[in-house]
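The numbers in the numbering used here rise by one with no breaks, and the one at position 84 of the sequence shown is 84.
Read the hints as simulated data drawn from the structure, not as lab findings. Treat each hint with caution, since some may be false.
Claimed, not checked - With a cut-off of at most 25 angstroms between alpha-carbon atoms, the simulated DSS-like pairs for lysine-lysine come out as follows:
#, residue 1, residue 2
1, Lys-34, Lys-8
2, Lys-48, Lys-62
3, Lys-34, Lys-53
4, Lys-64, Lys-53
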Amino acid sequence: MLAELRQKSQVTIPKALIIKLGLSQGDQFEIYEKDGVICLMPVVVYPKQYIDKLLNEVSEIKAKVASGEQPVFDSVNAMFDALETE
1 MLAELRQKSQ VTIPKALIIK LGLSQGDQFE IYEKDGVICL MPVVVYPKQY
51 IDKLLNEVSE IKAKVASGEQ PVFDSVNAMF DALETE
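Just need the whole structure built from these sequences, with the hints factored in.
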């Protein structure tokens, strides 16, 4: 597939790739060069409040594990066994 560099340094991604990769308007990309090749990597950008909320939840879980309040399992099967006995 060929694409042309247009005015204002714009390139149109062929529709077949848009469909194949499930891309849509507004998606963001990391753009970098490697060995003379221009690479576009789709990325997900999360709002800062979302990341802060996740970090807070992880900190709370770590504190519960450290205090013994949150059980820790050696395997997924052990976790399911514990859930079944509740």
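Here's how the hints hold up against the structure:
A hinted pair counts as satisfied when its Cα atoms are at most 25 angstroms apart, and Lys-34 with Lys-8 qualifies at roughly 22 angstroms. Between Lys-48 and Lys-62, the direct Cα distance comes to roughly 21 angstroms. Compliance with the 25 angstroms bound is thereby established for this hinted pair. Taking the CA atoms of Lys-34 and Lys-53, the gap is near 35 angstroms; set against the 25 angstroms cutoff, the hint is violated. Restraint check: the Cα-Cα separation between Lys-64 and Lys-53 comes to about 17 angstroms, which is no more than 25 angstroms; the hinted pair holds.
Checked against the numbered hints listed earlier, the structure breaks hint 3 alone; every other hint is satisfied.
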